[in-house]
Each structure stands twice: as C-alpha cells, then as structure tokens.
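K.L.:
Here the protein sequences line up with chains A and B, keeping their order. Quick note: the first sequence, position 121, residue 121 per my numbering, numbers continuous. Positions in the second sequence are counted from 1; adding 1000 to them yields my numbering.
Take these hints with a grain of salt, some might be off.
Partial chain A-side listing against chain B, Cβ under 7 Å, derived [unchecked claim]:
id, residue
1, Q130
2, E169
3, A176
4, P188
5, W266
Subject to a maximum C-alpha distance of 25 Å in a straight line, what follows is the list of computed SDA-like cross-link-like pairs (lysine to any residue) [claimed, not checked]:
id, chain 1, residue 1, chain 2, residue 2
6, B, K1133, A, E260
7, A, K199, A, L94
8, B, K1099, A, I179
9, B, K1254, B, G1167
10, B, K1099, A, V163
11, B, K1113, B, G1130
12, B, K1099, A, R172
13, B, K1099, B, E1132
14, B, K1113, A, E180
15, B, K1099, A, R164
16, B, K1133, B, R1114
17, B, K1099, A, I187
18, B, K1133, A, S167
19, A, K199, A, N117
Please keep in mind that the hints were generated in silico from the structure rather than gathered at the bench. Computed from a prediction, not measured in an experiment: that's the story for all the values here. Ideal Cβ placement from N, Cα and C applies to all residues, glycine included.
Now for the letters of each chain:
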Amino acid sequence: MSVQGVVVVPRGTLGARVGRGVVDWIPAAAVLVLGILAWEGLVRGLDIQRFLLPAPSAILDTLWERREELQAAGIYTFTEALGGFVIGCTLAVLAAIVLARFRSFGRALMPFAIAANAVPIIAFAPITNQWFGPLEKTSKMAIAAILVFFPVLVNTLRGLTSVRPQSIELMRSYAAGEIEIFRRVRIPSSLPYLFSALKVATVLAMIGAVVGEYFLSSQEALGFQIRNSAALFQFELAWAAIVVASVLGILFYSSVALVERLTMSWHPSSRAD
Amino acid sequence: MTTDAAAVSITDLSKRFVRGDVLALDRIDLDVQPGEFVSLIGPSGCGKSTLLRIIGDLIRPSEGAVLVNGKSAHQARLDRDYGIVFQDAVLYDWRTVVKNIALPLELAGWDRKRRDTRVREMLELVELTGFEKHHPWQLSGGMQQRVSIARALSFSPPLLLMDEPFGALDEMTRERMNNELLRIWQETLSTVVFVTHSIAESVFLSTRVVVMSARPGRIAGIAEIDLPQPRSPETREDARFADHITQVRRLLRKGHALDAPEEDETPLYVAEEGL
Chain A
1 MSVQGVVVVP RGTLGARVGR GVVDWIPAAA VLVLGILAWE GLVRGLDIQR
51 FLLPAPSAIL DTLWERREEL QAAGIYTFTE ALGGFVIGCT LAVLAAIVLA
101 RFRSFGRALM PFAIAANAVP IIAFAPITNQ WFGPLEKTSK MAIAAILVFF
151 PVLVNTLRGL TSVRPQSIEL MRSYAAGEIE IFRRVRIPSS LPYLFSALKV
201 ATVLAMIGAV VGEYFLSSQE ALGFQIRNSA ALFQFELAWA AIVVASVLGI
251 LFYSSVALVE RLTMSWHPSS RAD
Chain B
1001 MTTDAAAVSI TDLSKRFVRG DVLALDRIDL DVQPGEFVSL IGPSGCGKST
1051 LLRIIGDLIR PSEGAVLVNG KSAHQARLDR DYGIVFQDAV LYDWRTVVKN
1101 IALPLELAGW DRKRRDTRVR EMLELVELTG FEKHHPWQLS GGMQQRVSIA
1151 RALSFSPPLL LMDEPFGALD EMTRERMNNE LLRIWQETLS TVVFVTHSIA
1201 ESVFLSTRVV VMSARPGRIA GIAEIDLPQP RSPETREDAR FADHITQVRR
1251 LLRKGHALDA PEEDETPLYV AEEGL
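Build the full structure now, drawing on both the sequences and the hints.
P.N.:
Written as structure tokens, this is what we have:
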C-alpha cells in the first residue's frame, strides 16, 4: 500500500477505509470550494448585476432567510418525484418481467419502448397536468412516472434476457423450472442493469416534477418558486430554490446508489482495493 | 438406478439443426457402461458438445433414442441423474463458493443442515476448504472449475457430463486437474462422459476414447485404453501411453479423411482451435 498524503492508517480497519475515503475526496472538495470562491470573487470584482448572477453569499443568505418556505417546497416537490419514481419503476419492472416471460410479446413491443426513449416525454407535461389536475401532486407524479418508465423497462428487460445460455442450461440440468430460473438466475443477473436504470430514473423523476411545476402547479411547489421568483426578478430566491432541488436530486441519487452497493456487495465492481 | 442398465445408451441418433440445415450428428450408436470414463474427441463441428447436451436433455435429438440409466434422457434430467460441467465454470457471481455448490441441493429441497454437511465434504473433495465465503471472481480459473465440479457432484449423480472442462486452463493447471479428476472419479464411482480437444488428455483420463469425424458428426472409431489404473503422472511416461496417442491420432485422421482428402496434421489442429 502506498502512503497517500499525511493520513496513514492501518489497512483494513474502518478507520482506514474512512481515511482513504476522505483522501479520495480531497481533490473534488477543493475544486468545489475554489469554484464557489471564484464565483463570489467574480461577481464582486466585476460588479455583475444581481439579476444576471447573484453571488453565492447572497444565495446562501436567502436560503437561510426563506428556509421554512423552501423546506416545505422541497418536501412537496420531492414527494411528487418520489411518488412518480415508485409508480413508474414498479410498473416498468412488472412490464419487463411480463415481456421477458413472453418473448414474442416483448419482441413486438420493444421497438416502441426504445422509440419512446428517444422522445422528449417532458413535452407531455402540460397534457398530464390537465389530465390529473394542475394543482394536484398526482399530475407531476404522472409525468415523472412516464419519464422513468421507458428507460427502466428497456434496461430491466435487457438484464433479464441477456443471461448467458449456459447459466440457463445449468439450471435446467438441475431440473429447475422456469420460475426457479427466473428467481435464481434472471433476476440476480438483471440487478446491475436495473440499478443503473434506477439511478438515471432518480434524475428523470426530479426533472419531471420540477419541470411539470413550471407549467402550472400549487404555489407550494419548488418549480413554482423557481419560475415565479425568476419572473419577479427575485434571482436570489430562484437560485436558492434551484440549490434545494439540486441537493434533493443528489441525495435521491446517492440513496439509490447506496442501496445498489448494499444489494450487490457480491458484484466485482464493489470490491474495495 | 436400474441394475444392468447402461449408464448411457444411444441408438441411431441423428441431429439436424433447422437453422442452416446442418446435419450435426449422423446415426450415432454408443453405449457407456456404469463406472466407465469415456471421452468424445474430434475436430470442431463434429457435434461432440451437441451429443453431450442431447444426453443431458438440454437439446432434443431429431431422430433416435437416448437412455440414461435405463430411462429417457428427459426423465433422467428431471430425476437429477447427471451433473454437468462446462468449459466456462458458469458460477453465479452473486453466490459465494458454498452457495454455488449448494445450489442444486437447494433446488432438490435438501434442508440446510444436510446441505452444509454435504458442501463441506465437497469442498474437501476438491481441496477448496478455506474458500467458503469467496465469490467466484476472487478465485483463479482452476479453482473456479473445481467449484464447478464440486457443484456437479454435490447431489451424487451417477453420471458426470463434462464439456471441455479444462480447455481454458493453462497446461500445468490442466494436468493437475486431470489427476484430481481421476481421483474424484475413483472416489465417487461415477460414470464420466468427457468432451475434449486434447488427444493426450483423452488418453490419460479415459477407459475408452470415442473419436468423431466432422460434418456430419459420426463415430470414426473407438479406442480402448488399457493403461493400468489408478493412473498417475508416471502413466504419461508409459510406452503404451504413446501408442494410444498414436492410435487416437490415426482414428482422427481417418475420420477427417471421411469428408476430405488425405492431409497432414496441421490443418486438423487449425480446425480444432476454431472452437
């Protein structure tokens, strides 16, 4: 083991792993801090108009002053994103299982699922808004669910069907039936595909919820806050709401990534070195 | 298992693949007696892997019959009468060594205690004690293949089918695995049908070597290997070992000549590497 920086800890212990983790993150953290400092310096030094770009300190102030409002908006919008994520992913995984069991069905529908992946589904947001009520959370859940549905379906189906033929032959040699093969081989083999789709889905669900709110929504929503404060030239507030949306998005993504790591601790990619 | 029944009995078996209209196997007749170690050898495309899969009821024959332990191949598969090992170990990455070996036992409904005992015995048999909690990707190729063999033997099937199990291993590992396989064969008293590309391997391991010709796959001849048992690394230095290698090589050349004019050995080896 090479000695990295000044943090020298015995290999293998929890301390060592945390220590190495911290060391690994130092460059990224430095870039972040330097970036924010540069932004602040640039805005102050060049005297940039606040409606063009507010300074980080101003955004931070607003974030603190309006924290209750922003927190409520964040929870409101995150609920929509999470709802859409759960509904969309559940339906997509169920559909993938059905299509994997009935291949000819799958072959007939797959081109459409792939085509749907290439369509800017967010364009449907005004329509789903009307269908499910623009002031209701359901309408944003709907657009988020549709957004996540197709990539999760396509990826999961690919995972369920791209099992090596010999893995299946081996199961058949043990007199295993289709259900056993599904449970013990197809599903575990599809997990890497499923999780990469779920991670993308967290991002899509947040986009669906926030953009859906831009069109029309309850005043409580984060998207409404962003759009409204931008329209009223309250750029600090708009930026503060964007920060909230970003942090929520990152937390959402990371929690799925964490579940992935815990579920697939067997996977070669999760090996610590 | 019925007494007197052949371990494998193949009568007038043909296999035609509809796609490409290829006659992969042409009127094969072969009996394997319980306790035998039979190798199938031949150039690529001779259908030896297909034949192995038909014995295991993983592929259906176009014509002819296969009996395993006196029953239909289909029934034998459902009764878990054979274990199979492929060239690739085909271990499940999400299962540890122990759980990979226990998989057929789980499917057969063994309770946990019985499984644990059995897996421990199998680990001893393939000399992998201490690697229980490892995942497949943490093992070398030879170790992975040993896990695969342990898994195939875990439920004590009377028949072991092996499809070029050591084809991907380096020469030294391969020879060691050959010695181990013979030891296991003698300890478990099972019947082995072994597909290989290697003449030396087939002679060293087998009681009989079935030499096949390509396109269509036919039996070109059968070599009885009367080398003394148990075999050891010294067997390879026995003069009769060299004689048998020549015998098998001649049968291969004869088989090759069935559909091609006389050729020297080089093209045969080129053809073998193709698979």
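K.L.:
Do the alpha carbons of K1099/B and I179/A lie within 25 Å of each other, as the hint requires?
P.N.:
19 Å, holds
K.L.:
Restraint: E169/A near chain B, CB-CB cut 7 Å. Satisfied or not?
P.N.:
5 Å, holds
K.L.:
For the pair supplied as a hint, K1133/B and S167/A, confirm whether the alpha-carbon distance does not exceed 25 Å.
P.N.:
21 Å, holds
K.L.:
Is the hinted pair K1099/B and I187/A satisfied, with a Cα-Cα distance of at most 25 Å?
P.N.:
Holds: K1099/B and I187/A sit about 17 Å apart, inside 25 Å.
K.L.:
Close enough to count: is the Cβ of P188/A nearer than 7 Å to one in chain B?
P.N.:
5 Å, holds
K.L.:
Verify the interface restraint on A176/A: the C-beta must sit less than 7 Å from at least one C-beta of chain B.
P.N.:
Holds: closest Cβ of chain B sits about 5 Å from A176/A, inside 7 Å.
K.L.:
Has the given pair, K1099/B with E1132/B, been kept, meaning a C-alpha gap of at most 25 Å?
P.N.:
8 Å, holds
K.L.:
Straight-line Cα separation of K199/A and N117/A no greater than 25 Å?
P.N.:
Roughly 16 Å separates the two Cα atoms, so the pair holds.
K.L.:
Holds or violated: are the alpha carbons of K1113/B and G1130/B at most 25 Å from each other?
P.N.:
Satisfied, since the Cα-Cα distance of roughly 19 Å is no more than 25 Å.
K.L.:
Decide if the proposed pair is consistent with the structure: K1099/B and R164/A, CA atoms, cutoff 25 Å inclusive.
P.N.:
19 Å, holds
K.L.:
Is it true that the CA of K1254/B sits at most 25 Å from the CA of G1167/B?
P.N.:
24 Å, holds
K.L.:
Is it true that the CA of K1133/B sits at most 25 Å from the CA of E260/A?
P.N.:
21 Å, holds
Consistency with the previously given hints fails for number 1 only.
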